[in-house]
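Engineer: Heads up: the protein sequence lines correspond to chains A and B, in order. Residue numbering for the first sequence follows my numbering, starting at 7 and increasing by one per position. Residue numbering for the second sequence follows my numbering, starting at 7 and increasing by one per position.
No lab work stands behind these hints: they were computed from the structure. Possibly wrong hints are sitting among the right ones.
In this list, chains with the same sequence are indistinguishable; a pair is considered to hold if it fits within one copy or across any two.
Straight-line distance between alpha carbons at most 30 Å, and here's what the computed DSSO-like set of lysine-lysine pairs gives [to be verified]: (1) LYS285 x LYS355; (2) LYS50 x LYS355; (3) LYS18 x LYS468; (4) LYS197 x LYS46; (5) LYS451 x LYS18.
Protein chains: 2
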Amino acid sequence: MDTLQAYFNTHKDRFLEELFELIRIPSVSSDPNHREDMYKAAEKLRSFLEKAGAENSKVYETAGHPVVYADKIFDPSLPTVMVYGHYDVQPADPLELWETPPFEPQIRKTELHPEGAIFARGADDDKGQMFMHVKAFEAMVAEGVLPCNVKFMIEGEEEIGSPSLGAFCEANKEMLHSDVILVSDTGLINKETPTITTGLRGLSYVQVEVTGPNRDLHSGLYGGGVANPLNILCDMVARLHDENKRITIEGFYDDVLEVSDDERAKMNLAPFDLDEYRKSIGIEEESGETGFTTIERTSIRPTLDLNGIWGGFTGEGAKTVLPSKAFAKISMRLVPNQDPAKISELFEKHFKSLAPKSVKVKVEYHHGGYATVTPVDTPEYKAAEMAMQKTFGKEVIPIRSGGSIPIIALFEKVLGVKSVLMGFGLDSNAIHSPNEHYSLFTFYKGIETIPYYYQFYSELKKS
Amino acid sequence: MDTLQAYFNTHKDRFLEELFELIRIPSVSSDPNHREDMYKAAEKLRSFLEKAGAENSKVYETAGHPVVYADKIFDPSLPTVMVYGHYDVQPADPLELWETPPFEPQIRKTELHPEGAIFARGADDDKGQMFMHVKAFEAMVAEGVLPCNVKFMIEGEEEIGSPSLGAFCEANKEMLHSDVILVSDTGLINKETPTITTGLRGLSYVQVEVTGPNRDLHSGLYGGGVANPLNILCDMVARLHDENKRITIEGFYDDVLEVSDDERAKMNLAPFDLDEYRKSIGIEEESGETGFTTIERTSIRPTLDLNGIWGGFTGEGAKTVLPSKAFAKISMRLVPNQDPAKISELFEKHFKSLAPKSVKVKVEYHHGGYATVTPVDTPEYKAAEMAMQKTFGKEVIPIRSGGSIPIIALFEKVLGVKSVLMGFGLDSNAIHSPNEHYSLFTFYKGIETIPYYYQFYSELKKS
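With the hints as extra help, turn the sequences into a complete structure.
Structural biologist: Have a look at this one:
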């Protein structure tokens, strides 16, 4: 491993330059205007994998954005690690809140990251994290220390719910055969604490449209006599939670597997400072479902959040309009055993039942995915634990994350392979937000940790 | 009056062309980008007044957009009519819903207007209506039949609440001295029914901002643990009305002068077909305060409507963000005796009391104005009644409108002069909406009616 460290030291600036090349391509999967950028990013990534020493590298067409595949097979009798990640990113808006342009990566020092952090959309999620694997692989190949087979499957639709990856996996089961899927798209509790994510929430994402009159009306002439879809939408949204912040959708909690008191107690032992939490996001008081702690509310409990709302006049000044339509984007985070399709249907039925006769309601499904829980008593998991303990010098803490990587459940179903979520992000990295960043410390720490995963995993599988 | 009719017939096409010139200037008072257009429109109007035969025409600077003044004083001992109107217009958005560009006026025939209607922003409100006065004046001067003195005061800030006109009136009391203010900025019940507006609602317009976390957060990592300002805003808005659609703001109804049962009964005799109403705006069911008819809800009752709401991700596709801020524009229509400043304060106090500790709330006042009621037993009112009866051949119906022209109350306070609201719009004209239009029938009917007002008013004042 010493030779690897020397390799890293020699090439660390180039690693960064190459990552920047990838980040500069605005591969926003949800925006049809960036369709061409998706191909550019995929091809750029493919070429990096090839240069790193991978074989069979190819950009695979799908019904949506392409998937990049590459591998390095020494010996079919050795175990195979498949790296999963994504080269697509979230939209960058609101643009005006970025301190530097989202697709022009810059290194800036911050209080939390005196060594510097990369500021850009995708710096963490997931270009930065995914790229650590490409560079760790490059070093292992260059130094001849890769102890097992490796496959890369990097997709371009994670941020829109991976609509094409299921079919891709179905169609390429043999090519994708592996013993474990290794993913870096999650986070650490803090920079010093090695953390492995053992659970992810599922997701149902819908868009609603409430229509009142068939055109915008003058709010003076009609106001008071005609249902205003903006007011109605607010009223309907307000009724989605009760006074204990429980979701009122009928049947919503029916399939929730309650977590045992014992597990909840353990979970709450994780280092977490509520004052620090409040301070870090500038709130006076946290808020959530009665009877659960903040850690529980954001990991083992399902939620319902508006992600966007709009309607009527939103420009400068005043316009006295009673608008025809109101819109909202609403996402529900799900916990193990909740079926995203069923939840979307329950939502639609309930939401429509809240509408008065004076409006019409449309519900459109965006995407969804199941929650997952990773077993911790497997060589796949233990290898990650040992690797992180090695490089951080501290015991690993398993956590359940509130985020969603819906494809993880699908891998298990279609490919029959479990994933290990060894991520190096931080909650404060502002992923999905303006000024997303990724600390150089964690970027290089990830590159250093990954080869240990391969080493320990191969050893555990041999014994 | 026969000579006038001949003059109208000769010049009617030119009248329209000149109006189109004025409409083509996008004088949107609420948008700072149109500041220059306000001057262009004011100067264009001034030149039309001068060409029509007015003297002392001048574009007066104010703290905001300019006021156009002109007059024609024959004999100070004769009565003086002051025409008030406005050359500013509402914003044109949503632009995509216009069938033809908002500032390129076009004549189109519709089912309701087989003779054709002018489609453009400001075609009715108020360029079209105001311009009828300019052209009626031109004809009276040209034919030498103007029976009294005339003044024009046309402002450029009506759509933003006339913030500068009060000071302008204060500073120019003598110049603006008159016996009546004649305004065409209201509507008819329908094309065949002469209607005079005897009441207008007042207005309080506010913008609210709800802030949760200090930056946009990932809704997976934070969702369920942090108050979402979008959900909170919806909840707060929902609580502004009770189950009877009464406004819950403490003290909101305290100063409302209840209208007598007798007057309410009379008001409900006005021709009004609820089925027709529903059909015209495409709703299945009307909605409003329990215990009042649609006519009452939209005229003698105060209201609270959202005019706009926005926050979070509103683009194509899905973004899983828990946003930092949520916004809404909220207007309250007021009835006689409600003080707009007091109502705004009551709103702010109440709205803030609805906020949980997990968010911060800001309330910003836009503009406001008092409601007004016009006496019907004066020569000023009677002249309008006689003029309309003459040209429509039917008895005039007095109505209370739900709209607001806040400046009317101010005229009475500062200049000590009552206004008469003789307007020729129609509810179906879509003012403040895409595809605003103004029928040629009412445009020419207005030009024909106005000289009778001058004639009858002068006769009534002599006797």
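Engineer: Any hints from earlier that this structure breaks? Give me their numbers in increasing order, please.
Structural biologist: 2, 3, 4
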